[in-house]
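**Q** One letter stands for each residue in the lines below.
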Amino acid sequence: SNKGISFTSADGDHSVRLRGSIQGDERFFIDDPSGSALNNRFDLRQARLWLEGRFWKYNDFKLMPDFGNGKTLLADAYIDLHYWNSAALTVGRQKTPLSLERLQGDTDGTFVERAYPTYLASNRDNGIKLHGSFGAPGQKTEYAGPIDFKNFATYEVGVFNGGGDNGAEDSYKAVADNKEVAGRLWLHPFQNSGINALEGFGAGVAASYVQPQNDSLSFASGALNLKSAIGQNTIVDYTKLKTGVSGIAADGEHYRIYPQAYWYKGPYGLMGEYVLSSQQLTGDAGRTHIKQDNSAWQIQASYVLTGENNTFQSVKPRAAFNPSKGQWGALQFAARWSELSVDKNTFQLLSASNSVSQATAWAVGFNWYLNNNTRLMADYEDTRFTGGAASGGNRPEEKAFATRLQFVF
Amino acid sequence: SNKGISFTSADGDHSVRLRGSIQGDERFFIDDPSGSALNNRFDLRQARLWLEGRFWKYNDFKLMPDFGNGKTLLADAYIDLHYWNSAALTVGRQKTPLSLERLQGDTDGTFVERAYPTYLASNRDNGIKLHGSFGAPGQKTEYAGPIDFKNFATYEVGVFNGGGDNGAEDSYKAVADNKEVAGRLWLHPFQNSGINALEGFGAGVAASYVQPQNDSLSFASGALNLKSAIGQNTIVDYTKLKTGVSGIAADGEHYRIYPQAYWYKGPYGLMGEYVLSSQQLTGDAGRTHIKQDNSAWQIQASYVLTGENNTFQSVKPRAAFNPSKGQWGALQFAARWSELSVDKNTFQLLSASNSVSQATAWAVGFNWYLNNNTRLMADYEDTRFTGGAASGGNRPEEKAFATRLQFVF
Amino acid sequence: SNKGISFTSADGDHSVRLRGSIQGDERFFIDDPSGSALNNRFDLRQARLWLEGRFWKYNDFKLMPDFGNGKTLLADAYIDLHYWNSAALTVGRQKTPLSLERLQGDTDGTFVERAYPTYLASNRDNGIKLHGSFGAPGQKTEYAGPIDFKNFATYEVGVFNGGGDNGAEDSYKAVADNKEVAGRLWLHPFQNSGINALEGFGAGVAASYVQPQNDSLSFASGALNLKSAIGQNTIVDYTKLKTGVSGIAADGEHYRIYPQAYWYKGPYGLMGEYVLSSQQLTGDAGRTHIKQDNSAWQIQASYVLTGENNTFQSVKPRAAFNPSKGQWGALQFAARWSELSVDKNTFQLLSASNSVSQATAWAVGFNWYLNNNTRLMADYEDTRFTGGAASGGNRPEEKAFATRLQFVF
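Residue numbers (my numbering), protein chains in the order written: chain Y, 1 to 409; chain F, 1 to 409; chain E, 1 to 409.
Keep in mind that the hints were calculated from the coordinates and are not lab data. Since we're looking at a predicted model, the values are computed, not measured. Heads up, some of the hints might be wrong.
Which copy? The list can't say, so a pair holds if one copy fits it or any two copies do.
[To be verified] Result set (DSS-like, lysine-lysine): computed pairs, CA atoms no more than 25 angstroms apart in a straight line:
1. Lys3 <-> Lys57
2. Lys3 <-> Lys316
3. Lys291 <-> Lys227
4. Lys240 <-> Lys227
5. Lys399 <-> Lys227
6. Lys325 <-> Lys57
Construct all of the structure, not just a fragment, from the sequences and the given hints.
**A** Rendered as structure tokens:
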């Protein structure tokens, strides 16, 4: 199968899949003056070996470590109890229900890296989530796991340790009792409506709320720094402070709002989302207190040149690459516009020479699906910055070219 | 199977099992004054994906990394050569033969966390262990792996790098040639005796001896700190020293004695152990030298309300949770008393404001076995301390409530 | 199978193997004066759980984390596209094509640790490699994966982030655009020649070139330190600098040349390689600039006493250990001579008291193959040093005895 090696019990109630993925990247930067920090490099962005499955018909699990990026992380480790489709419980380490693009697995996404809105959400977090699915009126509900894009309506609401923007390490857990509440409501409003063109349209909104108390943990380590998308170079650096500021902490309410939507029809695909992330920060030993309203949005369009269906997950080529049989796999073209706005209050705490206040990026990409398991990606992204250089100047335009050979089963 | 996906060769001589486990915890603290270090939190206490098996009929192995707790550890990695049941050899990383409760896998234990005696043993260690099993007179001996609770008599004796109390990282290996010797003798004295009530009674004694030489490694890192059981908050802190003391090292003999026993009969279970851990410590650049005799004991009782058999390993419900068939799984109730005494000499080296001299805890717990693979646990533990606060005061009582959803296959 | 649990699709185009390995070592040092840094110890040198396989007939992959040595590393994570045997592409993390002995898996090598030449190569690295195989004239070419010892001629040439000598962590990637080019040409000149005695003779040459720019990263961390072979004690320490030198960086060209050969015939085996690694180093804030020409060579011979075939990979015993049937497995004897010469320019930067200028080692070893999966190794190595002690003296002779119980499937 192209979804792992699968073992299923005779009665079908128990099954386990053994899976793996590898992503070998290469990035290089054009017009990059010598001596700059934009280093051409080979990255191993993902190396996962994982188990997922179902026991006793209603207990799903996923257990997925990642050995890529020169370190070992636990991406997912959750149990999902789903005796009732309308009220299932996911316990453990999981994706927080915020960014839409985050829901795409790394092997499903259209570009080698996600756009800016995803980086204003936390990534994975430990917690408990209640979620439910509902079929369109008169239709059956189908179990779809904690990430549900099959049914008419889906809700997710959970309590998590809480992580700052771009945080994946349970950033807020260490110093306070306050936990983060996050949730999403998602609809396929035209599912089974008979309006064929709109069957594949989905829209929703996600949000989160938490009140960290004087939490400096993840700022000092740089874990919450923001990066350019495809180039993956730091553009907002919470470790480079304004002169006189000795440390940053999250202190006070932090909320996010995420309207989001997609639309897939035949070979065409469209996806977009917006986020406002508003957090209270202190610095300068508590003497400075700011409200930082960062925002980001993106819109991306894609087209499968070889005619296969475009989807939120991955394109499945009609036939695997085999030139001797005249088979070449599937080819997809994509374009994306993405912007990040950093609140100007930020620069009461951070050095304006090291962090940008605005990033605007356009990208184009080609995806060649050799077969259901192997994909070759080639992306180009051009990013323009406001601020981020010495003496109030702008950080130089970043022109990043990246390729990825990706294998997943 | 509920013990992993199993692959066996046609002749039965070779088999491999692929297994996994996830533990999603939640802890919160009652009557916990604001600003305290007792943070309510979600923990991912275990996330394991492992292999175990047998080759050529007599070569067993286990290879078990753990991705939980925000880090990656190698729990077990050993080879067991057992051509003779009476003299088998285990080589590699393994549990040191000391605490009885440690022998229970995390997925077998009755409470979400082990009691104090376990924390005065080292955890896993690299070494070589000779072990053997003997059936009751007139009975066959059955191979039972390095952890043997099937036979009449079992011995284990091994040489290890050595680890300090609560040490899992081969603490003593780095600075001296001296290795730790540890062993256990275990009996089921009434096995096949005809006295039915005592068939499930087992008792034994374990001990260890090592002479570390001026080893400061694991004290400074806090790896040897002792914690409250279910709350998992530090209560003896080797990194908070008395004024004037600049560092601590283990220097001189360190021995432990561990009498231990259990008794299972139908739905009833009883387990207890005691430990004396005596180590020599130096501090203050060698000017202070103390003998620290710490001790701990625990006793726990449990009862399976739904009538299934109670065992040292795990309760197997008669039928999996399925309300539509009137099946609800198994329910177990448990209670535990546990104490830790820290030698008063300790406070010649450690700050008495940061480390307690005594901890006394009682706990009750409910375990709901939804099926052979999934268990929901809910525990409450109340711990009272002597010392550990400023000006000779007592650390406030800790009231910890914890739940765990656990999945293992 | 003795090569993992294998799953193959009905048409044979897809297959995955689940594999594992464990190495439990013990080392001790003879005539080692009390207080020395040569600590007797138990090591867990390897603990791997990995996947490898083939999809769509022409896409191979390997995904192999290692949990040994008290840390987690990603050893291999690559995809190999091999539609054409003469031009296949390996993308991701892989062995750099340099040292011959490095190509032997840890479970294939004849001694518990590799000899000096391997340590003057980098280990694994992220990059892209083109490679191809060619059968002897008139013979078919057989696909053999990125490490090919089956065919008449093989070439490999790749671009990698670059790693310093003994570097496994992409040492040069962080501070410069310059990448490392490395390659190997390998021949079995007498394959299918009819000269039976020389059928198993192979020879080749490997080389690398890179120009790091002021890269100090891996020197300061000690990652590039050189060690004695079987004893695994540091003998060239890049963190112990000459008085007045404040830091070391690689700056300028770094090239290596590696002639290498082996010869296997029946129970006899012979292997040897030489390396010159020439790198430019700066220290003393750039005021000192040296060219460091280090070299190493080794030759090893082995003989299978029980008559099985000797190979570059591993000896397969005729019958598994089972004394009751009079089967004892296979026994191999081996001897090795190995030398390392450190350029005297080195001591313009490093402290001569902490790093040796010359190491000469002889070793003998016995390997007892209990079966195709389990091996017990016992090695003794005697190493003599020039320099490396205070006041211009020589570091004391190192007499290391090591055993390993190794299991792989």
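**Q** All the hints need checking, so say for each whether the structure fits it.
**A** Hints, one by one, checked against the model:
For a Cα distance limit of 25 angstroms, the shortest separation of Lys3 from Lys57 qualifies both inside one copy, at 19 angstroms, and across copies, at 17 angstroms. Only within a single protomer do Lys3 and Lys316 lie at most 25 angstroms apart by alpha-carbon distance; the minimum there is 12 angstroms, versus 32 angstroms between protomers. Taking identical chains as interchangeable, the C-alpha atoms of Lys291 and Lys227 lie at most 25 angstroms apart only when both belong to the same chain, with a minimum of 21 angstroms there against 38 angstroms between chains. In the homo-oligomer, the alpha carbons of Lys240 and Lys227 lie at most 25 angstroms apart inside one protomer (14 angstroms), although the nearest pairing across protomers, at 36 angstroms, exceeds that limit.
Proximity of Lys399 to Lys227 under the C-alpha cut-off of 25 angstroms is restricted to the intra-copy arrangement: shortest distance 14 angstroms within a copy versus 43 angstroms between copies. Taking the shortest alpha-carbon separations for Lys325 and Lys57, only the inter-copy value of 14 angstroms comes in at or below 25 angstroms, while the best intra-copy value is 42 angstroms.
In summary, this structure violates none of the numbered hints.
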